[in-house]
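Participant: Chains as they are written, first to last, in this note's numbering: chain A, 7 to 274; chain B, 78 to 512.
Keep in mind the hints are simulated off the structure, nothing from the lab. Nothing here was measured: the structure is a model prediction, and the numbers come from that model. It cannot be assumed that every hint is accurate.
What the hints assert, rightly or not - In silico SDA-like links for lysine to any residue, alpha-carbon gap of 25 Å or less:
(1) A:Lys10 with B:Tyr221
(2) A:Lys10 with B:Leu87
(3) B:Lys264 with A:Ala196
(4) A:Lys114 with A:Asp174
(5) A:Lys112 with A:Thr182
(6) B:Lys171 with A:Asn66
(7) B:Lys81 with A:Trp14
(8) B:Lys264 with A:Arg68
(9) B:Lys499 with B:Gly285
(10) A:Lys52 with A:Gln256
(11) A:Lys10 with B:Ile96
(12) A:Lys248 with A:Asp57
(13) B:Lys296 with A:Arg68
(14) A:Lys52 with A:Leu29
(15) B:Lys482 with B:Thr495
(16) B:Lys449 with A:Phe189
(17) B:Lys296 with A:Val233
(18) A:Lys112 with A:Asn175
(19) B:Lys257 with A:Lys52
(20) A:Lys67 with B:Leu163
(21) B:Lys351 with B:Glu331
(22) B:Lys281 with B:Asn148
(23) B:Lys159 with A:Ser30
(24) A:Lys190 with B:Ile276
(25) A:Lys67 with B:Lys296
(26) A:Lys190 with B:Gly273
(27) A:Lys67 with A:Ala142
(28) B:Lys171 with A:Leu29
(29) A:Lys190 with B:Val95
(30) A:Lys52 with A:Lys248
(31) B:Lys397 with B:Asp355
(32) B:Lys264 with B:Pro233
(33) B:Lys257 with B:Gly146
(34) B:Lys449 with A:Thr182
(35) A:Lys52 with A:Cys28
(36) A:Lys190 with B:Lys296
(37) A:Lys190 with A:Ser30
(38) A:Lys55 with A:Asn217
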Amino acid sequence: MNFKRIQWIFILAFVLLDLGLCLSLFMGTQFHNSTQQQSQTQITLKEMKNDMISFNQLSNKRRDGYYVSAADNQQWTNNNHLNTLKGQSARISNGIVTSTFDKTIKVKPGIQIQAQLDKLVHSKRILHGQQYTYSAALSSTHQVVYTQTVHGQPVLERDGQIRIRINDNNEVTGYTQGYVGQFKNLRPRAMTVSQQQAVTWLYRHNQIANNSRIRYVLLGYAKSETVNNRTVYLPVWNVNVKSKADDNSQNLRVNAFSNTIFTTKQSN
Amino acid sequence: MMTKIKDNWLTILLTIVVIISLVLSGIVWVNPYRTDHRFFGDNTSSSNKQMTTQSMRDIYLPTQVIRTGSNQGQHLLYGQPKNTVLTARQSIEKWRLRRLTRIESGRPNNYLNYLRLNNSVMLSYPQSVPMTIFNDSFNQNLNYNSLGKINHIVIPLDHSNRINRIYLLSDDNYRVFRVKVSYANIKAIRQSLRGGSSISVDHKIYRGHPIVTYPHGVKLPNFGYQISKLNPDSVSQTLMSSSNKSSSVTSKQENNQIVYQSGTSRQLVFSPAKGTIDYENYVGHTDQFNYQQIFGHLYNQLAGTSIPLDSLRFDAYSSKNESITYRSFVEGFPIFNENGYGTVQMQNNSDGAERYHFSIYSLQVPIPVKNKTTTLPSSAVVFNGLRSSNKVKDISGMRIGYRWKNDQNSKTVTLTPTYYLKYRGNWVDYETLMN
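Only chain A is shown next, with the shape it has when bound in the complex:
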């Protein structure tokens, strides 16, 4: 072995060492979560698996959110205005617009559905349509849901949603729409609990039945009290649980700030 070769081997070894040291430095600064809390939650998650509750990876990252209020306006539009919308007959009742298209719109089912429906929702055929965003989690084959958003998170009430009806022939027949105006912050940004914290809280309080599947855990805004003509919205974790035995599914909601069960009349 000549001297050059030995030098090469040394260079290679030191480069590897440098990489290792860099890695350990970065790791050292990143894992500073309270390990104790983590392991407690991990134990609960394991217990859940033993109880035949299945779920995808749940995040332990805390998120942030706001207490907001919105105008409590059931008359956000009127029938005269709705009559001007083209190609449909629409009526408002209790703040919800119900519309049927004169001609059904053919759509291709599958992943492309969002791109096709974005064109419709964001067109002039739907009032304030630009303010609504597609929600994959809330949508099903026969009902595609678009929601208004608060600080980037979906409104989980029908008051802030467009629900598009799709029939068995993959045709859009019409939609229902609620609209919430004038969101205002009630308090500055604050941290919420994580997905894991919310789900383990529900499990500990016997809210999640054995032999079920958690379909999704979604952070969104739900409505609380209405005071002085303004409705308070707050961030909740919406945990959708489906029984494995039958087709029943239910939405469990956890107040994401206080990590307690959140109950209001659910409008579905």
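Using the hints provided, position chain B relative to the given structure of chain A.
Facilitator: Just chain B now, with coordinates in the frame of chain A:
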């Protein structure tokens, strides 16, 4: 020259990688793991702990944000949507603070110059906190032997958005420490100052302590909340049956109070008229915690009580009876109630018994209010009033706080701002004091 380099480039490359590895080893050596250098006081993890919405890092955060302009003009900020304290924490926890250097000590006027540092934002605690608590909240590893307690964090807002130092201030003997940081990015902090509202303030030294004064009359918003109520039965179950399952909890009525007992050592007294709970646990021994440790210990005790922690923040520590007061805050302002609604006092077992004092009432969901604002006079007017009623000699502090009026039947409350004065050791509102 060039030929020499060409001939020996392999050796030069080897030298470079060796030097890099030496430097990296040095860094790892000096700064081994920044993970668990925290003082938790003790490690008795209660089963409720993980259910808390506010970790120790949150409850011991600074509450007050003051922005200083270019000519020492100061404004107290509140209601910034991004939440400056939260944003600053999220920025600082990524920085690596090092090298505490004392640059001022014992000179009140020089200290004031740092409290009013031009082009800076200052985050202040209601009272000093131990360095270990600062380290925990901001994920740092500064030496608590050089600086044991901190009142203020001053962040210079340089134009470049990159800073190389911050200042930690301790009211105790007017000490200012400079801390080095490498090119820390303050863009997010600067952005978090936008929006919201501000009121004009100034710092003064009053009886040896710096206080915030309000040179002009101020207009502040009222805040509305829904009130949540703890059930004393379930609180007593949580506190008294957790560790000692063999003895059951009994309760009896005594002089308009309900007394819960578990064995001979634990007692909880609930006063329905005031909505207060007094809990005593004679543990039979004393636990010694030093100043750096006791904050962690008392937080752990608090986390095991099932009291909602949502709006609670650290407010005061008393070394005399080793107790900490946690208080509800709204947008950085403390909330006061004569029956202690929204306040928790945790006392260590320095005399053999640990004692908790708290209210069953706490603030839950904010609600919009009808009467939008309240106007307050300048602090000079307040002090003139105190002087003319001859009470100024018993005053040791002043701050603007929000009053939670007693009303046990109402499910909501409107908090209104007013001046609170520390009169003979207690916070009393201005009107009550003047009557």
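Participant: Confirm or reject each hint.
Facilitator: Now for the hints, and whether the structure bears them out:
1. A:Lys10 with B:Tyr221: violated (51 Å)
2. A:Lys10 with B:Leu87: Measuring from Cα to Cα gives roughly 8 Å; hence the hint holds.
3. B:Lys264 with A:Ala196: holds (19 Å)
4. A:Lys114 with A:Asp174: Distance ~12 Å between A:Lys114 and A:Asp174 Cα, so the pair holds.
5. A:Lys112 with A:Thr182: Holds, at roughly 18 Å.
6. B:Lys171 with A:Asn66: holds (19 Å)
7. B:Lys81 with A:Trp14: At roughly 19 Å apart (the allowed maximum being 25 Å), A:Trp14 and B:Lys81 satisfy the hint.
8. B:Lys264 with A:Arg68: This hinted pair holds, its Cα atoms lying about 22 Å apart.
9. B:Lys499 with B:Gly285: Between B:Lys499 and B:Gly285 the Cα gap is close to 14 Å, so the pair holds against 25 Å.
10. A:Lys52 with A:Gln256: Roughly 22 Å separates the two Cα atoms, so the pair holds.
11. A:Lys10 with B:Ile96: With a Cα-Cα distance of about 19 Å, the restraint between A:Lys10 and B:Ile96 holds, given a limit of 25 Å.
12. A:Lys248 with A:Asp57: holds (14 Å)
13. B:Lys296 with A:Arg68: The given pair, whose Cα atoms are some 35 Å apart, is violated under the 25 Å limit.
14. A:Lys52 with A:Leu29: violated (30 Å)
15. B:Lys482 with B:Thr495: With a Cα-Cα distance of about 12 Å, the restraint between B:Lys482 and B:Thr495 holds, given a limit of 25 Å.
16. B:Lys449 with A:Phe189: holds (18 Å)
17. B:Lys296 with A:Val233: holds (23 Å)
18. A:Lys112 with A:Asn175: holds (8 Å)
19. B:Lys257 with A:Lys52: It is violated: about 44 Å lies between the C-alpha atoms, which goes past 25 Å.
20. A:Lys67 with B:Leu163: Roughly 15 Å between the alpha carbons, so the hint for A:Lys67 and B:Leu163 holds.
21. B:Lys351 with B:Glu331: Since the Cα atoms of B:Lys351 and B:Glu331 sit roughly 15 Å apart, the hinted pair holds (cutoff 25 Å).
22. B:Lys281 with B:Asn148: holds (16 Å)
23. B:Lys159 with A:Ser30: Roughly 33 Å separates the two Cα atoms, so the pair is violated.
24. A:Lys190 with B:Ile276: At roughly 21 Å apart (the allowed maximum being 25 Å), B:Ile276 and A:Lys190 satisfy the hint.
25. A:Lys67 with B:Lys296: violated (38 Å)
26. A:Lys190 with B:Gly273: holds (12 Å)
27. A:Lys67 with A:Ala142: Judged against 25 Å, a Cα distance of about 21 Å means the pair holds.
28. B:Lys171 with A:Leu29: holds (17 Å)
29. A:Lys190 with B:Val95: The given pair, whose Cα atoms are some 58 Å apart, is violated under the 25 Å limit.
30. A:Lys52 with A:Lys248: holds (19 Å)
31. B:Lys397 with B:Asp355: Answer holds: B:Lys397 to B:Asp355 is near 19 Å, not above 25 Å.
32. B:Lys264 with B:Pro233: holds (12 Å)
33. B:Lys257 with B:Gly146: holds (23 Å)
34. B:Lys449 with A:Thr182: violated (36 Å)
35. A:Lys52 with A:Cys28: violated (34 Å)
36. A:Lys190 with B:Lys296: holds (20 Å)
37. A:Lys190 with A:Ser30: It is violated: about 45 Å lies between the C-alpha atoms, which goes past 25 Å.
38. A:Lys55 with A:Asn217: Between A:Lys55 and A:Asn217 the Cα gap is close to 9 Å, so the pair holds against 25 Å.
When held up to the earlier numbered hints, the structure conflicts with 1, 13, 14, 19, 23, 25, 29, 34, 35 and 37 and fits the remainder.
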